[in-house]
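Got chain P; can you put chain F on it based on the hints?
Chains as they are written, first to last, in the working numbering: chain P, 249 to 584; chain F, 249 to 584.
Please note that the accuracy of each hint is not assured.
DSBU-like mimics (lysine-lysine), calculated; alpha carbons at most 30 Å apart, straight line [as the list claims (entries may be wrong)]:
#1 P:Lys431 - P:Lys517
#2 F:Lys398 - P:Lys291
#3 F:Lys367 - P:Lys293
#4 P:Lys456 - F:Lys268
#5 F:Lys378 - P:Lys264
#6 P:Lys337 - F:Lys552
So, partial list: chain P residues that the calculated Cβ filter (under 7 Å) puts toward chain F [said to hold, decoys possible]:
#7 Ile273
#8 Ser298
#9 Val373
#10 Leu375
#11 Val381
#12 Ser382
#13 Ser387
#14 Val447
Footprint (simulated), chain F over chain P, 3 or more residues, beta carbon under 8 Å [what the hints assert, rightly or not]:
#15 300–313
#16 352–366
Everything labelled a hint here was simulated from the structure, so no lab data went into it. Quick reminder that beta carbons are idealized off the backbone N, C-alpha and C, glycines included.
Number of protein chains: 2
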Amino acid sequence: MINTENVQQQPVAKYKLLGKYCKLIGSEQINGNDAAIIETKNKHKFIYTSALFTEHIDFDLSYFPLKHLGYKVIVASIMGILAMNGSPKKVRINIALSNRFSENAIDELMNGIILCCSKYKVNIVGLDFKSSVSGLIISTSTTGEVELEKIVYWNGAKENELICVTGDLGSAYAGLILLEREKKVFEADPTQQPDFIGVDYLLERYLKPELPSEILNTLSQHNIIPTSMLNLNNGLASGLIYLCDASKLGCTIFEDKLPIEILAFEKLKELNIVATTIALNGGEDYELLFTIKQDDYEKIKDIKEISVIGFITSESSGRNIITHDNRQFELIAQGF
Amino acid sequence: MINTENVQQQPVAKYKLLGKYCKLIGSEQINGNDAAIIETKNKHKFIYTSALFTEHIDFDLSYFPLKHLGYKVIVASIMGILAMNGSPKKVRINIALSNRFSENAIDELMNGIILCCSKYKVNIVGLDFKSSVSGLIISTSTTGEVELEKIVYWNGAKENELICVTGDLGSAYAGLILLEREKKVFEADPTQQPDFIGVDYLLERYLKPELPSEILNTLSQHNIIPTSMLNLNNGLASGLIYLCDASKLGCTIFEDKLPIEILAFEKLKELNIVATTIALNGGEDYELLFTIKQDDYEKIKDIKEISVIGFITSESSGRNIITHDNRQFELIAQGF
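If we strip away everything but chain P, and leave its shape as in the complex, we get:
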């Protein structure tokens, strides 16, 4: 959940800071995964993850309905558990809000939170409110469970394995761009009605994302355990870089294999935006990036929610994308 205007500013500083402090703290402690393991003795693992959402950066309440926001915060919180192949179980929620929020507004937010927790069978085991002088802030802490032999980390990929993504990429960010555009139109002339005809899918992908839980079930039914996995909230390019960094490997992906919805492609084209850039760097896709062994290709090739977008290479080959017209570019993380 990122504001379009902030997408280009943050990453360098963030990567630099993270690298520095992870080294200081000890890389074993922060091992680069979407969730941390709580317990290491038994075969059944308890894992947990945490997330922080702040108004103006992660969401804009001038077009984000509070009920949808509550729903999306839980979706985003659960993603880290799914990305380790886990089942989400419990969540604690801390909310800071200023006195501009009426009780009805808080009800809306809580209704979205409760709806999403109910849908994905997550128990709310902690809830706290406090004051804020700076808009709405929500932090969550989510636990899950996963069997030892099914747990998937960022760093399990091997050379020549296939790189897969779930769902489609870029639609959510295209939705965000449309919402931002209509906000500017409205601010300039409040009598203008927003023009959202035919773009419901894009708006829904941004405002009310769902989790790719079913795809994990499908993989499990086909006896496939991904060799590595990562959530795509922060964009495909940065996701691939994290994943390759963790395994000290390279990758090659193909522009024409990226699952971009035709609607997103066309709407972005109207705005003179290249859909591939958004699919790579927009973020906001609550989808999974994972690798599988080549032998598993036959099992997944007919699953329509999974796209094979490339393969893992040696580290020295770098991280590359091959374009439609067969040119090669290095992947650079722009999302965060």
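Relative to the frame of chain P, chain F by itself:
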């Protein structure tokens, strides 16, 4: 960690909201404790808690050194684990900051975090940075372990049991009041030097609190397991009310048994503030409130860090404080 100006405004709304949503979600899910149990099958329990800290509400960077803030955030995060008689193990930290924070400033904050984690043997297993348009925001998610037979909840107290607190109460909030006073003096006339002579102890209690971990070890060595326990971050009065609510009981405490340092008493008196009010409602004390069986009194009466301040009564007797001059008042939660 609360701003003096906000201490009176929040509680009613907060208690109302919490009551409402806890009922909606189901009281079994949010069962009123400082941490939640992750796992319920084995004898060894994993517990976790979460916390959110926001600038201007929880801390004022005009007088709060960033290194101390980092330290205090971890102390505050660990308290919920201690309050269930657990040992803290791991923490995940999410930090949102604006571009007014230099890398040196972030270093200071992280140094405090790392120092405190190292002192209390807590591993940092997650760290993330993001942008903020509204100052510094820190959220934490902390796990711990506790043996099944040693776990302590809010709701275990019984009638006639003794009410105890660790350490002293009100010193930290007195420190906060002094810091706020000197800030106002400085704002009115920047040539004025702050007058902090002889109040180091009060400032330290606010700016660099330590955890009462040793007292839990002492209790364990004396084979005492508290019957109920709660952390006092939000003030003694609200803590007693939570604890009595959880057990459907009443309490009587005695003003002259409250452990108030003479320095806090005198400094507050100079400011025309009644120390008892601050001890009851100030909050900011990283101390524990707990109940023990009467039979355990002999074992704890000589432990100087523990004060017996009253006893548990039936619910119909209410929650009361007996003053120095033998008058009785109902306890009202003003802290949050």
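Taking the earlier hints as the rules, which of them does this structure contradict?
Hints 6, 14 are the ones this structure does not satisfy, whereas the remaining hints hold.
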